[in-house]
Structure formats: C-alpha cells, structure tokens
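Asker: Residue numbers (the working numbering): 1 to 267.
FYI, nobody ran anything at the bench for these hints, they're computed from the structure. Note that beta-carbon positions come from the ideal geometry of N, C-alpha and C, so glycine has one too. Heads up, a few of these hints could be off.
Said to hold, decoys possible - In silico DSS-like links for lysine-lysine, alpha-carbon gap of 25 Å or less:
hint : residue 1 : residue 2
1    : LYS146    : LYS118
2    : LYS231    : LYS122
3    : LYS122    : LYS173
4    : LYS167    : LYS200
5    : LYS213    : LYS173
6    : LYS241    : LYS231
7    : LYS213    : LYS146
8    : LYS241    : LYS122
9    : LYS122    : LYS199
10   : LYS167    : LYS146
11   : LYS146    : LYS241
12   : LYS241    : LYS200
13   : LYS200    : LYS122
14   : LYS118    : LYS144
15   : LYS122    : LYS167
16   : LYS231    : LYS199
17   : LYS231    : LYS167
18   : LYS118    : LYS173
19   : LYS118    : LYS167
20   : LYS231    : LYS213
21   : LYS122    : LYS144
22   : LYS118    : LYS241
23   : LYS241    : LYS173
24   : LYS200    : LYS213
25   : LYS213    : LYS241
26   : LYS167    : LYS213
27   : LYS213    : LYS118
28   : LYS231    : LYS144
29   : LYS241    : LYS199
30   : LYS173    : LYS200
31   : LYS241    : LYS144
32   : LYS122    : LYS146
33   : LYS146    : LYS200
34   : LYS231    : LYS173
35   : LYS146    : LYS199
36   : LYS146    : LYS173
As the list claims (entries may be wrong) - The following label-pair restraints were derived from C-beta to C-beta distances:
hint : residue 1 : residue 2 : range
37   : ARG139    : GLY217    : 48 to 58 Å
38   : GLY227    : ASP156    : 17 to 27 Å
39   : GLY164    : SER88     : 54 to 64 Å
40   : THR107    : GLY81     : 41 to 51 Å
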Amino acid sequence: MKRKNFLVLLAAGCLFSCQQQDELQETSKEATNFSISIDDALSDPLTRTSSDLFPAKNSITTGEVISMAASGQNYTPFIVGQDSRTWSEIGATTSTVTFYAHYPALTDGAATRSSGNKRLLKGGQEHLFGTAEAVPGSRNVSLKFKRMTVPVIILDENDNPYEGEAKVELSLKNEGTQDLLNGIIEVNENALSENIEVKKVSEGAVTNVLPQKINAGEEIGTITIGGVVQKISAVEDLDLKAGSTLSVRLSRRIGGGIIDGNVPLYR
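With these hints in hand, go ahead and build the complete structure from the sequences.
Answerer: This is the structure in structure tokens:
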C-alpha cells in the first residue's frame, strides 16, 4: 500500500513538473509588451519659465524607432507599437534582465557590442535613454526614458516663445562621448566650440546642446537683429546638466540684448 502511495505521489509530482515546464515554454513563446514613458521633469530653477513652454519630446509614438538591447546583447531596432519580443528571442539566462534603449535609434556601428559601450555623439538634437528591469517570462515591460541633452528655447520679455526676427546662435562644444549603458554624455573638453543656431518653437524640432560647464566671462554666442550682431557672454559660472533647460530671453528694454533667467548673460 505504501508502495502504491509512493508511486501515485511520484506520478503526480512528475505531472506537476511537466506542466510547469510546458507553461514556461509557452510563456517564452508569447510576445512581451513594451510600454514607454518619458520623465517630463525639466529643471529650470533660476527662472520663472514653465517647463510646459519647452516643446521637448514628451512621448515616443507608434511607428517611431528606438534601439533596444537586453543585458549583454547588441542593440537592435524596435518599432514602437508594432514590434514585439518573446523571451525565447531575448534568451534570458539570469533571474532578472535589464533592458537598455536609445532614442533616436543608434547607428549600426554604435549598436554592436563588439565596438564597446561608448559612442561619439554630436549635439543639436534631443537624445533620450531608457531602462527597465524584468523577470524572464513577464508579459509587460515598462521602459522609462530620461533626457540626456539640454533643450534650448528663446523667450520674449513676457516669457512666451519668441517668434520675432532675431537670430540666436550659441557657440559651445558640440562633440562628446556617450556611455551606451547609462546614457551619460561627457563633452569632449578638447573640442573646439561650434556655432549652433537656436530654432524657434514655430520651426519645429527643439535645439539641444550637450551637457557642459561654461565659465564666467566666456563668449557663448551671438544675437543678430536687423543685421547688427552682438556677442553674448556669461556673467557667472554655469553647469548645464542633462535634464536641465536653457532659456534665452530677449528684451527690447535693453536694446535687443539678451537676458536669460537660467544663464545670466550680458552683451
């Protein structure tokens, strides 16, 4: 009798184990849903400028392409809202998997792990970096992105987006290196400054600059109004960090010069 009980229990244990294995195999074949969110917090502590005025990217929509990789793997293109991944494709070998993602999508050279975890980068456009952690078999993975560059906006003296004839160019270092696994961008301190034209809100894409430090008295650009060019210099040290903003404020009261609540400037 005891032998029968043992055999029955053994058979039941085998059945339960086989069911678990089948369930894991089925789960590995099911598509995993990836949701995306962007940290909307824009730090602009020294001005009254609302972050709502900055037309920075606040969502990655269906059809846009990001680059995504699981721990230790190459980055591959992923079309938001269209592509999917199964855990069998991901090939997880650990109890927790970290996902990394970049927007815009990486170039082929930067996406390959054999080229290392760094890439060269130029400023101008907005760069976002996202991560997520998930247990293998999870049906839903939430990628959370943050801004790695510094958006720039031109404001009028009433703190509204400026749409006049003035042309603003910043002269800043525009080359850097990005760590592909944490998104951090370090500016090349030996790079020469480049002229970067700041686009107005009505012109579409927001101009972004790379995180960097600016010294007091340093000439960092020009403003051109009616053919007259004036230099812009910082009146105090400035540390432009990822996630901060640079708001350039124009004022007629000082003859078209620039006042910037975030970066104190003088002509």
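Asker: Please go over all the hints and tell whether each is borne out by the structure.
Answerer: Now for the hints, and whether the structure bears them out:
Under the criterion of a C-alpha separation no larger than 25 Å, the hint pairing LYS146 with LYS118 is consistent with the structure, at around 18 Å. For the given pair, LYS231 sits about 24 Å from LYS122 by alpha-carbon distance, which is consistent with the 25 Å threshold. Restraint check for LYS122 and LYS173: the C-alpha separation of about 9 Å stays at or below 25 Å, so the hint holds. The straight-line distance between the Cα atoms of LYS167 and LYS200 is roughly 9 Å, inside the 25 Å bound, and the hint therefore holds.
At roughly 10 Å between alpha-carbon atoms, LYS213 and LYS173 fall within 25 Å of each other, so this suggested pair holds. Restraint check for LYS241 and LYS231: satisfied, since their Cα atoms lie roughly 24 Å apart, inside the 25 Å limit. Between LYS213 and LYS146, the direct Cα distance comes to roughly 20 Å. Compliance with the 25 Å bound is thereby established for this hinted pair. This hinted pair checks out: LYS241 and LYS122 have alpha carbons roughly 16 Å apart, not beyond 25 Å.
Of the pairs offered as hints, the one joining LYS122 and LYS199 holds, with about 17 Å between alpha carbons and a cut-off of 25 Å not exceeded. Our distance criterion of 25 Å between C-alpha atoms is broken by LYS167 and LYS146, whose separation comes to about 29 Å. Only pairs whose Cα atoms come within 25 Å are accepted, and LYS146 paired with LYS241 is accepted, the gap being roughly 12 Å. Distance hint between LYS241 and LYS200 is fulfilled; the C-alpha atoms sit about 22 Å from each other, no more than 25 Å.
Of the pairs offered as hints, the one joining LYS200 and LYS122 holds, with about 20 Å between alpha carbons and a cut-off of 25 Å not exceeded. Our distance criterion of 25 Å between C-alpha atoms is met by LYS118 and LYS144, whose separation comes to about 21 Å. Pair hint LYS122 plus LYS167 holds up; C-alpha atoms about 22 Å apart against a cutoff of 25 Å. The suggested pairing of LYS231 with LYS199 holds, with an alpha-carbon distance near 18 Å, which does not exceed 25 Å.
For the given pair, LYS231 sits about 12 Å from LYS167 by alpha-carbon distance, which is consistent with the 25 Å threshold. Pair hint LYS118 plus LYS173 holds up; C-alpha atoms about 18 Å apart against a cutoff of 25 Å. Straight-line distance between C-alpha atoms of LYS118 and LYS167 comes to about 35 Å, which puts the hinted pair past the 25 Å bound. A hinted pair counts as satisfied when its Cα atoms are at most 25 Å apart, and LYS231 with LYS213 qualifies at roughly 19 Å.
The suggested pairing of LYS122 with LYS144 holds, with an alpha-carbon distance near 23 Å, which does not exceed 25 Å. Between the alpha carbons of LYS118 and LYS241 the distance comes to roughly 19 Å, so the proposed pair stays at or under 25 Å and holds. Distance hint between LYS241 and LYS173 is fulfilled; the C-alpha atoms sit about 14 Å from each other, no more than 25 Å. Of the supplied pair hints, the one linking LYS200 and LYS213 holds, its CA atoms being roughly 24 Å apart against a limit of 25 Å.
At roughly 8 Å between alpha-carbon atoms, LYS213 and LYS241 fall within 25 Å of each other, so this suggested pair holds. Taking the CA atoms of LYS167 and LYS213, the gap is about 23 Å. The hint holds against a cut of 25 Å. With a C-alpha separation of about 21 Å, the suggested pairing of LYS213 with LYS118 holds against the 25 Å cut-off. About 40 Å separates the Cα atoms of LYS231 and LYS144, which puts this hinted pair outside 25 Å; it is violated.
Among the hinted pairs, LYS241 with LYS199 is consistent with the structure: their alpha-carbon atoms are about 20 Å apart, no more than 25 Å. The straight-line distance between the Cα atoms of LYS173 and LYS200 is roughly 21 Å, inside the 25 Å bound, and the hint therefore holds. As the CA atoms of LYS241 and LYS144 are separated by approximately 19 Å, the hinted pair is consistent with the 25 Å bound. A hinted pair counts as satisfied when its Cα atoms are at most 25 Å apart, and LYS122 with LYS146 qualifies at roughly 18 Å.
For the given pair, LYS146 sits about 23 Å from LYS200 by alpha-carbon distance, which is consistent with the 25 Å threshold. Distance restraint check for LYS231 and LYS173: the Cα-Cα separation of roughly 17 Å lies within the 25 Å cut-off, and the hinted pair is therefore satisfied. Proximity of LYS146 to LYS199 is assessed by CA-CA distance (about 22 Å); at most 25 Å being required, the pair is judged to hold. Proximity of LYS146 to LYS173 is assessed by CA-CA distance (about 22 Å); at most 25 Å being required, the pair is judged to hold.
The hinted range of 48 to 58 Å is satisfied by ARG139 and GLY217, whose Cβ atoms lie roughly 56 Å apart. Against the hinted window of 17 to 27 Å, the Cβ-Cβ separation of GLY227 and ASP156 comes to about 20 Å, which satisfies the hint. Our hint of 54 to 64 Å for GLY164 and SER88 holds, since their Cβ atoms are close to 57 Å apart. Between THR107 and GLY81 the beta carbons are some 23 Å apart, a value that contradicts the proposed interval 41 to 51 Å.
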